[in-house]
Amino acid sequence: MKIVVLVKHVPDAQFDRHLNGDGNTVDRDESILSELDEYALEAALQLAEARGGSKAGNQVIALSMGPAGAVNAVKKSLQMGATEGVHLTDDALAGSDAAATSLALAAAVRHLGDVDLVITGMASTDGETSLVPAQLAERLGLPQVTFASTLQVDGGRLTARRDADTSSETVEAPLPAVVSVTDQINEPRYPNFKGIIAAKRKSITTLSLADIGVEPAQVGFAGSWTSVTNAEQRPPRTAGTIITDEGDAGIKLVDFLAAQKLL
Amino acid sequence: MAQVLVFIDNPGASLKKSSLELLTLARSLGESTVALNGELADGVAATFAEYGVAGILRPSVQDLDDFLVAPKAAYVAAAAETAGAAIVLLDNSPEGKEIAARVGIRLNAGVITDVVAVDPDGTAHKSVLAGSYNTACKASTAVSVLTLKANNVTPEPAAAPTTPGTATVEVPAVAAAARITERQQKVASGRPDLTDARIVVAGGRGMDGDFGPVEELADALGAAVGASRAATDAGWISHDAQVGQTGKTVSPQLYISAGISGAIQQKAGMQTSKVIVAVNKDAESPVFEIADFGIIGDVFDVLPQAAAEIKKRKG
Ligand SMILES: Cc1cc2nc3c(=O)[nH]c(=O)nc-3n(C[C@H](O)[C@H](O)[C@H](O)COP(=O)(O)OP(=O)(O)OC[C@H]3O[C@@H](n4cnc5c(N)ncnc54)[C@H](O)[C@@H]3O)c2cc1C
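Respectively, the protein sequence lines represent chains A and B.
Following the numbering used here, the numbering of the first sequence begins with -8 at its first residue and continues without gaps.
Following the numbering used here, the numbering of the second sequence begins with 47 at its first residue and continues without gaps.
Hints are not guaranteed to be accurate.
[Unchecked claim] Dumping the calculated EDC-like pairs for lysine to aspartate or glutamate here, alpha-carbon to alpha-carbon at most 20 Å:
{"id": "1", "chain 1": "B", "residue 1": "357", "chain 2": "A", "residue 2": "239"}
{"id": "2", "chain 1": "A", "residue 1": "185", "chain 2": "A", "residue 2": "33"}
{"id": "3", "chain 1": "B", "residue 1": "294", "chain 2": "B", "residue 2": "242"}
{"id": "4", "chain 1": "B", "residue 1": "360", "chain 2": "A", "residue 2": "119"}
{"id": "5", "chain 1": "A", "residue 1": "243", "chain 2": "B", "residue 2": "242"}
{"id": "6", "chain 1": "B", "residue 1": "62", "chain 2": "A", "residue 2": "239"}
{"id": "7", "chain 1": "B", "residue 1": "184", "chain 2": "A", "residue 2": "119"}
Just so you know, these hints were derived from the structure itself, not from any lab.
None of these values were measured; they are calculated from a predicted model.
All chains should be modelled from the sequences, with the hints used to inform the complete structure.
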């Protein structure tokens, strides 16, 4: 099986994150492999391992689109067990919105040949829109199975469960397909020493827009269909009144709610 | 006048508040047409008229609910073309956003999610990076597709009702879509929806397996019940109650956090709440850094006392 996992290099959400003045893009210093993409990678590794791993010809290709630093997301994926890495990078990609991102990623996936599955995280932890998996499926003309909390592949079909607001669903689709997985699906592994050593011998292919047949004007600020026209930092929340319960804190809470007209 | 298409999926017997918000916003931007999926109940048709809807479109096929997203997106895109829409509005549910995503590709249209307000010129406002920035965004394309977060528009009927006509939209065939083979309905709690509730009472690991005090306080306040991931992972409450980065984003008037430490992923889902109250035993918990009113105390003392006091005052 040939599985492509999309991995994004994103600012670490544990720290304050910022937008840059130029075009209001996210500041990408201090970035890491998106936590939510680790679940996608783990899901791919488990599918490949259940089929005899790389010895049996199963490939797990970690694909990241992004500036030079994004190669670190690919490297971490290789340490976790991906068999190959691909880094799509080009100055013209900077500032791409979801539509432009999905265009470039769709071209990169096509460039990788016959792929059985594309697996992504449920959302990026920076943009948080969840648009890209659906747009990728639309562009590739593939079935989309999003927010999967379980995933099985049997022959040429996949089965997944999804947990919606008013119902839980079982869905089925033929391969190839685009799947996004939630953080409920598995417990991602940590790279171990063996994995870190093995990763050094694995190859990372660098692709440019020319390699995948995309014009610079189709992506980046030029090719995006939306733009951020203004951004203002919200003042961070500050602590208000803190009291220690002396047996009447519940009453004081109600007094507070009454004063705020929230009762 | 600009044409605005509003997608409303399976309204059932009456429209949800979030649908009324979409219709109200649509009217402020131009002339609105509804693309409906599912039955058109009499009450719903009457509400469309009250809210000034000019026309109602319905799909040529009845099996859209059997598939995941792709055919619904094909329908909404075709409906937008039929209506000559410059703006397509959808709700901000996970499915709403995904339909929007694909409609965007089908119509070469920019998509903006998590929208809280739209200016007359189509500029959309939203907050990003877990609520740390307020931004204005605009699509540069002929059509824009926007998903509106609930609770940001006050539903208001039109000054004069309309008599919307109905028409059928031919749904284009979709190459490949995942089929839904089984659906288990969840039992409704009778409490408000978490995403559009005015008040949320959320419990965490500190509830130690007993959500009773959270539910009791929620019911006294007419609130929805939320939870941290630690509580949903432990199985104390269903996963759809989870608030946070990988759960729901809420911005109610009041968020009461009970026995939750306030990890960054939890804060990501609630820090745009108007007023935050925290009850936690540990004075060092990060939730106190953002609470308007914090109580260092035991949830099993404070919550029941507050619930009893509210009931007493409400008589
Ligand atoms: C990729 C990823 C995504 C995540 N997404 C989410 C998400 O969407 N939402 C989310 O919530 N978390 C999320 N998390 C988990 C998050 O990091 C925290 O682990 C989680 O929020 C902790 O839940 P908690 O505060 O209930 O538990 P804890 O951190 O264990 O805190 C429990 C708190 O309860 C207090 N307490 C205990 N007993 C009492 C008592 N009797 N009275 C008063 N206080 C008491 C303690 O002092 C403590 O502060 C995510 C994590 C990852 C890695």
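Holds or violated: residue 294 of chain B to residue 242 of chain B, with C-alpha atoms at most 20 Å apart: Satisfied, since the Cα-Cα distance of roughly 11 Å is no more than 20 Å.
Keeping to a limit of 20 Å between CA atoms, is the pair of residue 185 of chain A and residue 33 of chain A held or broken? holds, 17 Å
Are the Cα atoms of residue 357 of chain B and residue 239 of chain A separated by 20 Å or less? Status holds; Cα separation ~16 Å.
Decide if the proposed pair is consistent with the structure: residue 184 of chain B and residue 119 of chain A, CA atoms, cutoff 20 Å inclusive. holds, 17 Å
Does residue 242 of chain B sit within 20 Å of residue 243 of chain A, going by the straight-line distance between their CA atoms? Measuring from Cα to Cα gives roughly 27 Å; hence the hint is violated.
20 Å limit on alpha-carbon distance, applied to hinted pair residue 62 of chain B and residue 239 of chain A: violated, 39 Å
Compare the distance between the alpha carbons of residue 360 of chain B and residue 119 of chain A with 20 Å, and conclude whether the hinted pair is satisfied. violated, 41 Å
Checked against the numbered hints above, the structure breaks hints 4, 5, 6 and satisfies the rest.
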